[in-house]
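Going down the list, the protein sequences come from chains L and R. Mapping the first sequence onto our numbering, position 330 (from 1) lands on 330, and the numbers just tick up by one. Mapping the second sequence onto our numbering, position 47 (from 1) lands on 459, and the numbers just tick up by one.
Honestly, I wouldn't trust all of these hints.
As the list claims (entries may be wrong) - Listed next, the stretches of chain R that the computed footprint assigns to chain L, with coverage defined by at least 3 CB atoms under 8 Å from CB atoms of chain L:
| # | segment |
| --- | --- |
| 1 | 426 to 434 |
| 2 | 440 to 449 |
| 3 | 453 to 462 |
Said to hold, decoys possible - Pairs of lysine to any residue, SDA-like flavour, derived with a Cα cap of 25 Å:
| # | chain 1 | residue 1 | chain 2 | residue 2 |
| --- | --- | --- | --- | --- |
| 4 | L | Lys296 | L | Ile159 |
| 5 | L | Lys166 | R | Gly461 |
| 6 | L | Lys166 | R | Val435 |
| 7 | L | Lys296 | L | Gly165 |
| 8 | L | Lys42 | L | Leu233 |
| 9 | L | Lys166 | R | His455 |
| 10 | L | Lys42 | L | Ser237 |
| 11 | L | Lys166 | R | Leu474 |
| 12 | L | Lys166 | L | Leu151 |
| 13 | L | Lys296 | L | Arg168 |
| 14 | L | Lys296 | R | Ala463 |
| 15 | L | Lys296 | R | Val431 |
| 16 | L | Lys42 | L | Ser217 |
| 17 | L | Lys296 | R | Val432 |
| 18 | L | Lys42 | L | Tyr236 |
| 19 | L | Lys296 | L | Arg174 |
| 20 | L | Lys166 | L | Ala155 |
| 21 | L | Lys166 | R | Ala462 |
| 22 | L | Lys166 | R | Leu423 |
| 23 | L | Lys166 | R | Leu467 |
| 24 | L | Lys166 | R | Gly471 |
| 25 | L | Lys296 | L | Ile143 |
| 26 | L | Lys296 | L | Asp254 |
| 27 | L | Lys166 | R | Ala463 |
| 28 | L | Lys166 | R | Phe454 |
| 29 | L | Lys296 | L | Ala132 |
| 30 | L | Lys296 | L | Ile163 |
| 31 | L | Lys166 | R | Val420 |
| 32 | L | Lys296 | L | Ala155 |
| 33 | L | Lys166 | R | Val475 |
| 34 | L | Lys166 | R | Met487 |
| 35 | L | Lys296 | R | Ala436 |
Treat the hints as calculated values from the structure; they're not laboratory data. Just so it is clear, CB atoms sit at the ideal spot from N, CA and C, and this is done for glycine as well.
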Amino acid sequence: MDVHLILVIVIVAALAFDYTNGFHDTANVVATSISTGAASPKAAVAFAAVLNFVGAFISIEVATTIAKDVIDPQAIAGGDSLNVVYSGLMGAIAWNLITWYFGLPSSSSHALIGGIVGAAVAAVGTGAVETAGLIGKVLVPAIVAPILAFLVAGAAIAICYQIIGKLRPGPVTRGYRYGQIVSGGLLALAHGTNDAQKTMGVITLALIADGALSPGSDPPIWVIVSAASAIALGTYSGGWRIIKTTGTKIIKMDAAQGFSAQGAGAAVIMASSHFGFPLSTTHVINGGVMGAGVAKRLSAVRWGVAGNIVGAWVLTLPAAAAIGAFTYGVTVVTGGGAVGPVAISAISLVLIAGAFVRRARMGAPAADGTGAPITEDAASLIVEGGEVMTVDGKPVTAAGIAGSPDEPGRDG
Amino acid sequence: MLAVLVAVDDLLMSVAASVVAAVAVTVVVSLAIWGTTKYVDFHQEGRQGAAVAALGVGGLGLVLTVAIIATGIVMMVAG
Chain L
1 MDVHLILVIV IVAALAFDYT NGFHDTANVV ATSISTGAAS PKAAVAFAAV
51 LNFVGAFISI EVATTIAKDV IDPQAIAGGD SLNVVYSGLM GAIAWNLITW
101 YFGLPSSSSH ALIGGIVGAA VAAVGTGAVE TAGLIGKVLV PAIVAPILAF
151 LVAGAAIAIC YQIIGKLRPG PVTRGYRYGQ IVSGGLLALA HGTNDAQKTM
201 GVITLALIAD GALSPGSDPP IWVIVSAASA IALGTYSGGW RIIKTTGTKI
251 IKMDAAQGFS AQGAGAAVIM ASSHFGFPLS TTHVINGGVM GAGVAKRLSA
301 VRWGVAGNIV GAWVLTLPAA AAIGAFTYGV TVVTGGGAVG PVAISAISLV
351 LIAGAFVRRA RMGAPAADGT GAPITEDAAS LIVEGGEVMT VDGKPVTAAG
401 IAGSPDEPGR DG
Chain R
413 MLAVLVAVDD LLMSVAASVV AAVAVTVVVS LAIWGTTKYV DFHQEGRQGA
463 AVAALGVGGL GLVLTVAIIA TGIVMMVAG
């Protein structure tokens, strides 16, 4: 009974993590489309939510990496194996909450992997860690991918300007806005493909640890559907929050830059997903945004923010690992059964509610001025942040583009 | 040591696929925009032959855009 209760708690926590991942990442996925006027906020968010859902069904390579190549499922198999997975998840969720509260940019994906590795090491030692998988499939791609997105986006925008440089700006802008509908859709699809699979991988790992699945099994269909639904719901919810708060400051890019940044991000994430590399989609998208920005003007990039992202990247894995290990220690102290996870979950819920209330009273985090969680929204800070976002010269307000059918009171 | 741990072939394939896909889509979309914009310009200048050629380039860009994206997604789904 205890074991199944822990399994249920792990699955709920994993899906909650997936939901918050979609919630946080909405800004990254839709920011450039909205800021260049390629899509209205409502349409961009709805489109992103649907494509995040669809993307989760495209591949299971990343889920396989999480379930088999980061830690050895058989090494943690045993009495409290589910507590290891649970502790890893709590390490990731806690680190996300801490970074959100203090306005630090970080990666949910790295927090998840760090948390699980930390809990596994605390439980059975370093022998549980699949060193080759962790380095070869997580750490190296984590460094390569954002740099690659940066370079590819820079090359792409240079090609764009080379081909369309002397044309009339009006049709060109309209053309790239149409192009952004495609590139933005691909980015959402890629995001769903890579990020939803991380949750699938964790749930699969828990099911293997529980004995419900045999080692080496692929994620069952109900796991895929539930992870896809959670990230899509999170994207949609996060989007509405952003629409309400984004009247404000976002990237100032032209449509060609937005197209290049999104196209580069989508290409890197999809190619990496195909080979089973669990990336930080946030870092990749940020890399693309920076590449598209710097190709036009070096000073367009807010290098201080980029530096913060690198700093947070370095800190995230060890910090989430430490919290995961500590959480596992608490589950051991409380007897190794369901008592620990139940108590930790209850305390966490109270702390999360308290943090939300306190943050709401304090107002928006200063770093971006949007009020949205900072942890995964840093893309909106990198290139020429701080200017009021406009579409066709009209400011994007709390509920859409001023004077457009999206404005409150105009859509019946 | 690092080369042993890292699946170098997969990483290089991933890098190559990213570069090829992003650059290819950028080129064909830009050609589509170039073609449709120049079609209007040439048409207004009365250069019908050039306008038709530009429209052909634009149309080819659109077709190739759809083809490249569809190929990429099919390859991913096929594993």
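Taking the hints in turn, this is what the structure says about them:
1. Counting residues of the segment 426 to 434 of chain R whose CB lies closer than 8 Å to any CB of chain L gives 7, which reaches the minimum of 3, so the coverage claim holds.
2. Proximity of the segment 440 to 449 of chain R to chain L, defined as three or more residues with a beta carbon under 8 Å from a beta carbon of that chain, is established by the 8 residues found.
3. Judged by the Cβ-Cβ criterion of 8 Å, the segment 453 to 462 of chain R is not covered by chain L as claimed, because only 1 of its residues qualify and three are needed.
4. Restraint check: the Cα-Cα separation between L/Lys296 and L/Ile159 comes to about 12 Å, which is no more than 25 Å; the hinted pair holds.
5. Restraint check for L/Lys166 and R/Gly461: satisfied, since their Cα atoms lie roughly 21 Å apart, inside the 25 Å limit.
6. For the given pair, L/Lys166 sits about 20 Å from R/Val435 by alpha-carbon distance, which is consistent with the 25 Å threshold.
7. Distance restraint check for L/Lys296 and L/Gly165: the Cα-Cα separation of roughly 12 Å lies within the 25 Å cut-off, and the hinted pair is therefore satisfied.
8. For the hint pairing L/Lys42 with L/Leu233, the CA-to-CA distance comes to about 14 Å; that is within 25 Å, so the pair holds.
9. Taking the CA atoms of L/Lys166 and R/His455, the gap is near 17 Å; set against the 25 Å cutoff, the hint holds.
10. Proposed proximity of L/Lys42 and L/Ser237 is supported: the alpha carbons are some 11 Å apart, at most 25 Å.
11. Restraint check for L/Lys166 and R/Leu474: the C-alpha separation of about 21 Å stays at or below 25 Å, so the hint holds.
12. Restraint check: the Cα-Cα separation between L/Lys166 and L/Leu151 comes to about 24 Å, which is no more than 25 Å; the hinted pair holds.
13. For a cut-off of 25 Å, the pair hint linking L/Lys296 to L/Arg168 stands: about 18 Å separates their Cα positions.
14. Distance restraint check for L/Lys296 and R/Ala463: the Cα-Cα separation of roughly 31 Å exceeds the 25 Å cut-off, and the hinted pair is therefore not satisfied.
15. With a C-alpha separation of about 20 Å, the suggested pairing of L/Lys296 with R/Val431 holds against the 25 Å cut-off.
16. Distance check on the hinted pair: L/Lys42 and L/Ser217 sit about 39 Å apart at the alpha-carbon level, beyond 25 Å; violated.
17. Between L/Lys296 and R/Val432, the direct Cα distance comes to roughly 22 Å. Compliance with the 25 Å bound is thereby established for this hinted pair.
18. Simply put, L/Lys42 and L/Tyr236 have alpha-carbon atoms about 9 Å apart, close enough for the 25 Å limit, and the pair holds.
19. Among the hinted pairs, L/Lys296 with L/Arg174 is consistent with the structure: their alpha-carbon atoms are about 19 Å apart, no more than 25 Å.
20. Proposed proximity of L/Lys166 and L/Ala155 is supported: the alpha carbons are some 18 Å apart, at most 25 Å.
21. Of the supplied pair hints, the one linking L/Lys166 and R/Ala462 holds, its CA atoms being roughly 17 Å apart against a limit of 25 Å.
22. At most 25 Å may separate the alpha-carbon atoms for a hinted pair to count; L/Lys166 and R/Leu423 exceed this at roughly 38 Å.
23. Distance check on the hinted pair: L/Lys166 and R/Leu467 sit about 17 Å apart at the alpha-carbon level, within 25 Å; holds.
24. Of the supplied pair hints, the one linking L/Lys166 and R/Gly471 holds, its CA atoms being roughly 20 Å apart against a limit of 25 Å.
25. Only pairs whose Cα atoms come within 25 Å are accepted, and L/Lys296 paired with L/Ile143 is accepted, the gap being roughly 24 Å.
26. Distance hint between L/Lys296 and L/Asp254 is fulfilled; the C-alpha atoms sit about 10 Å from each other, no more than 25 Å.
27. Under the criterion of a C-alpha separation no larger than 25 Å, the hint pairing L/Lys166 with R/Ala463 is consistent with the structure, at around 17 Å.
28. Between L/Lys166 and R/Phe454, the direct Cα distance comes to roughly 14 Å. Compliance with the 25 Å bound is thereby established for this hinted pair.
29. For the suggested pair L/Lys296 and L/Ala132, the alpha carbons sit about 39 Å apart, so the restraint of at most 25 Å is broken.
30. With a C-alpha separation of about 15 Å, the suggested pair L/Lys296 and L/Ile163 falls inside the 25 Å cut-off, and the hint holds.
31. At roughly 41 Å between alpha-carbon atoms, L/Lys166 and R/Val420 are farther apart than 25 Å, so this suggested pair is violated.
32. Taking the CA atoms of L/Lys296 and L/Ala155, the gap is near 11 Å; set against the 25 Å cutoff, the hint holds.
33. A distance of roughly 24 Å separates the Cα atoms of L/Lys166 and R/Val475; the hinted pair therefore holds under the 25 Å criterion.
34. Under the criterion of a C-alpha separation no larger than 25 Å, the hint pairing L/Lys166 with R/Met487 is inconsistent with the structure, at around 36 Å.
35. Between L/Lys296 and R/Ala436 the alpha-carbon distance is near 20 Å, which keeps this suggested pair within the 25 Å criterion.
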